[in-house]
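2 protein chains.
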Amino acid sequence: MKDRILIVGAGLVGSLWAVLLAKRGYQVEVFELRNDPRKAGFKGGRSINLAMSDRGWKAMERAGIKDTIRQQAIPMRGRKMHDTAGQLTFQPYGDQDQAIYSVSRGGLNIELIDIADQYDNLKFHFGYKCLGVVAEEAKAHFEHRDTGEHLTVNADRIFGTDGAFSAVRRSLMKALPRFNYSQSFLDYGYKELHIPPTTDGKHALDPNALHIWPRGQFMMIALPNVDGSFTGTLFLAYEGQTPAFDQLNTDEEIMAFFQTYFADAIPLIPNLLEEFRENPTSSLITIRCSPWRYEDKVLIMGDASHAIVPFYGQGMNSGFEDCTLLDELIDAHDGNWAEIIEAFNHSRIKDANAIADLALRNFIEMRDKVADPKFLLRKEIAAHFNKIYPEFLPLYSQVTFSHIPYSEALEEGHAQDALFEEILVLDGIEHNWKDNPEVDRIFRKWMQGRPVLATS
Amino acid sequence: MKDRILIVGAGLVGSLWAVLLAKRGYQVEVFELRNDPRKAGFKGGRSINLAMSDRGWKAMERAGIKDTIRQQAIPMRGRKMHDTAGQLTFQPYGDQDQAIYSVSRGGLNIELIDIADQYDNLKFHFGYKCLGVVAEEAKAHFEHRDTGEHLTVNADRIFGTDGAFSAVRRSLMKALPRFNYSQSFLDYGYKELHIPPTTDGKHALDPNALHIWPRGQFMMIALPNVDGSFTGTLFLAYEGQTPAFDQLNTDEEIMAFFQTYFADAIPLIPNLLEEFRENPTSSLITIRCSPWRYEDKVLIMGDASHAIVPFYGQGMNSGFEDCTLLDELIDAHDGNWAEIIEAFNHSRIKDANAIADLALRNFIEMRDKVADPKFLLRKEIAAHFNKIYPEFLPLYSQVTFSHIPYSEALEEGHAQDALFEEILVLDGIEHNWKDNPEVDRIFRKWMQGRPVLATS
Ligand SMILES: Cc1cc2nc3c(=O)[nH]c(=O)nc-3n(C[C@H](O)[C@H](O)[C@H](O)COP(=O)(O)OP(=O)(O)OC[C@H]3O[C@@H](n4cnc5c(N)ncnc54)[C@H](O)[C@@H]3O)c2cc1C
Ligand SMILES: Cc1cc2nc3c(=O)[nH]c(=O)nc-3n(C[C@H](O)[C@H](O)[C@H](O)COP(=O)(O)OP(=O)(O)OC[C@H]3O[C@@H](n4cnc5c(N)ncnc54)[C@H](O)[C@@H]3O)c2cc1C
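Chains as they are written, first to last, in numbering that gives the first Met the number 0: chain F, 0 to 455; chain P, 0 to 455.
One or more hints might be untrue.
Chain copies aren't distinguished; within one or between two, either way the pair holds.
Claimed, not checked - Below, simulated DSS-like cross-link-like pairs (lysine-lysine); rule was C-alpha separation at most 30 Å, straight line:
{"#": "1", "residue 1": "Lys190", "residue 2": "Lys173"}
{"#": "2", "residue 1": "Lys173", "residue 2": "Lys349"}
{"#": "3", "residue 1": "Lys373", "residue 2": "Lys433"}
{"#": "4", "residue 1": "Lys1", "residue 2": "Lys122"}
{"#": "5", "residue 1": "Lys65", "residue 2": "Lys433"}
{"#": "6", "residue 1": "Lys79", "residue 2": "Lys378"}
{"#": "7", "residue 1": "Lys22", "residue 2": "Lys138"}
{"#": "8", "residue 1": "Lys138", "residue 2": "Lys173"}
{"#": "9", "residue 1": "Lys38", "residue 2": "Lys138"}
Just so you know, the hints here were simulated from the structure itself, not pulled from any lab data.
For reference, chain F alone in the conformation it holds in the complex (with noise of 0.2 Å):
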């Protein structure tokens, strides 16, 4: 008889690890905090689309549903920039064919949901909210949001996936002697604010393309939805600083606001007062832990041991790999959780917190560096050797386009700032690169120095 396995939270990481478990003809049990979003309707609380990127997409191909999903995924190829004056600027994300792609993040979920569900050794639960869990008896206890009743349920094994305020995490931090743990806000909040189809149901921007209004200490960002909107989201201090959000209180001051940074944003925003008003402003968190497990009994996985700020659109492609790795260490460990819990805990949380960082980094890149000609300039210089030397991949591209361990791709990130601290300060480099011999000089001696990447 197969292990009973208990998931708490079906998110977008707990369903897919559901799927993959059940795969294998584990017993599954899922309890969910929502009710079932198939009749509920899916409320999210965050944001309502995500990009998805290749190492979320190995794992959905692992799950056997890449194709369903890429049906429902509109494909953005690159960055486009929006000045103050409405000028638009575009930045390709890697070759022709390489793309992050929108996704919805309830459709996603039902989806996943609906595939585990096919399985007859799994089990759905909705509405019940885990309240903890005794780690060293893999017991877990819940309570029914409408009904009130409470329930304990024992299972050979724990996955908890639920979420950034995790409460199997907050039983593992009791249950641990030692739990480090951090989590740490930035003093910016989000908005979401909706961009709907143009009146012949088209989208009212460039719909393979992730928008930015970059504006130096804050930003606006959009993606693409398949009904022909946009999710426009505006990430701004809380306080402090202006602008701010504490500093935008009355119709007059929001769009004054508008009007000075996003001007060009206003007519595709109708109702904005509105939506400024009444979407909540959500915060921003990173969570960093160690251990994720209790013994073999308890691991914590997604969002729950490791919730990253958004900006290099990696948490859920972060969760997905969780899942990947996790499911090859099963083949590789033939089954023994004992050390396919230990493996990965021994060697993920590294990776873990380098996304951590890069996201955090992504953030300055994103609301001001985009609209820097140095960087700009690097951008292009760094593509080209990529076409000279496919072995040199722009970090960029390490990340979101390769499964490279997200560590290595941090301290590659490092060495190449360095190397173009040394090329950027070359006298009139903005017009000579391109056949510099200085410029080849100094990038043959770097690539000498480098290590051969681990995977591609």
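Guided by the hints, dock chain P with the ligands onto chain F, whose structure is given.
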């Protein structure tokens, strides 16, 4: 009528803060988990003695009890290093008249409680465990540890001085929308070992020094007590490395370990095996968080807001400095608590983070570098500079013998590192530093770039 103030936790910081507030005429209620240590005897659970240095003494002076405490304190004028052959070397902390003082945790705590208890406007309640606070209403819930009685206490303001595992902090974490928090454990534990007086009642080692057995990856230290004994503390990895606590199980393993690394200490610890087995192995935690307050209603202080590892001997000292600074702010803001608490929260957190960093860094210094000739040379040259230019204060002196904000000391420490990196690579520096014009030139140039220190 003066504010009603509730203090949660009558440890070192809470009982000192109670004295300072009672002195000013506030209505103070102090709730403490343990029973009255004056009746029950002091049950610490943590280090038996502590090093008090200038920041602590300043607070004692403010409370009017410096002389009383000093009578029970043993000056330690430097480090005495024990090598594996039992050879001793001495390293002064500063001038002849500078010392840190070994004080008894229990004695000091009882003294503070006794003094606080003399005020009619102050009342202690022992045996009450705080279960949490309702921050926005400045009220706290308690449970009596023997009777189980539940009690809710209302106040105008609550100070949480309930230590590293603070219940008040846990409530702030829930009440504040964006509470940044980190708890981080060393992979090292510590174990106390008793070194009794000699048969004629004398100290078995020089009492006017802090003894260190530096062994690279681990160490033992010992501080004197007034009864002629010493308290030794072994700091060692929990597991994995050799040696580590989890490798020391049998009597033979323990004895072999001591024979190899601490041979000269074996005759000093008559009950070595018994103590090693029966005394707990305790963990070492660093806590950082922000903010420290809920409006002007709740403030956490001491270990509750900034627990640090003990390697700089500044945990209690920094908590006592919290009291000094707040007491100064009461004067500066004429008792306006909203301003006092905001000013403290605004300026003090960076200093707490700095001493946390310094304490972590000092572990490596104590267990490893104090045995390194280059390090000793640096100390000597620094002392020499300090004689010529009294404005040049070695980092250790800034932390221990000054009231310079910790964050400035940390910065100064980094700058001094850079200075000595230049000096210590000079040819023949071991022998020729005294009248070396190059050393002088480097030093003078460096001094020109230094800011004038804030306070001293
Ligand atoms: C603004 C924003 C934009 C983002 N954009 C991207 C992007 O473009 N690309 C990307 O890869 N990532 C993105 N992310 C990150 C992504 O949303 C998360 O990484 C991802 O949702 C994590 O999935 P999860 O399943 O671990 O957690 P969640 O999606 O949070 O799911 C947790 C589930 O557990 C349930 N639950 C919670 N508590 C309990 C309980 N006590 N008992 C039972 N169930 C419980 C919840 O109801 C939920 O269903 C973004 C995040 C934000 C905030
Ligand atoms: C091994 C070791 C050596 C050290 N050496 C030094 C040194 O040499 N010099 C130095 O300056 N510092 C040293 N320290 C640090 C020092 O011990 C602490 O910084 C200091 O004790 C902090 O004082 P506090 O009052 O904030 O917390 P604590 O001393 O921990 O006091 C907290 C009080 O609150 C009570 N309490 C806890 N929870 C509750 C609750 N829920 N309800 C009610 N009451 C509660 C506790 O019983 C206790 O009395 C050392 C620490 C360790 C571990």
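Hints, one by one, checked against the model:
In this assembly of identical chains, Lys190 and Lys173 lie within 30 Å of each other by CA distance solely across copies; the values are 23 Å between and 34 Å within a copy. Taking CA atoms no more than 30 Å apart as the test, Lys173 paired with Lys349 passes in both settings, with 23 Å inside one copy and 28 Å between copies. In this assembly of identical chains, Lys373 and Lys433 lie within 30 Å of each other by CA distance solely inside one copy; the values are 15 Å within and 50 Å between copies. In this homomeric assembly, Lys1 and Lys122 come within 30 Å of each other (Cα to Cα) only inside a single copy, at 15 Å, whereas the closest approach across copies is 61 Å.
Within a single copy, Lys65 and Lys433 get their C-alpha atoms no closer than 39 Å, and across copies no closer than 73 Å, so neither meets the 30 Å cut-off. Taking CA atoms no more than 30 Å apart as the test, Lys79 paired with Lys378 passes inside one copy only; the shortest distance there is 14 Å, against 57 Å between copies. For the homomeric pair Lys22 and Lys138, the shortest alpha-carbon distance inside one copy (23 Å) is at most 30 Å, but the shortest distance between copies (53 Å) is not. Within a single copy, Lys138 and Lys173 get their C-alpha atoms as close as 15 Å, and across copies as close as 25 Å, so both meet the 30 Å cut-off.
Taking the shortest alpha-carbon separations for Lys38 and Lys138, only the intra-copy value of 28 Å comes in at or below 30 Å, while the best inter-copy value is 43 Å.
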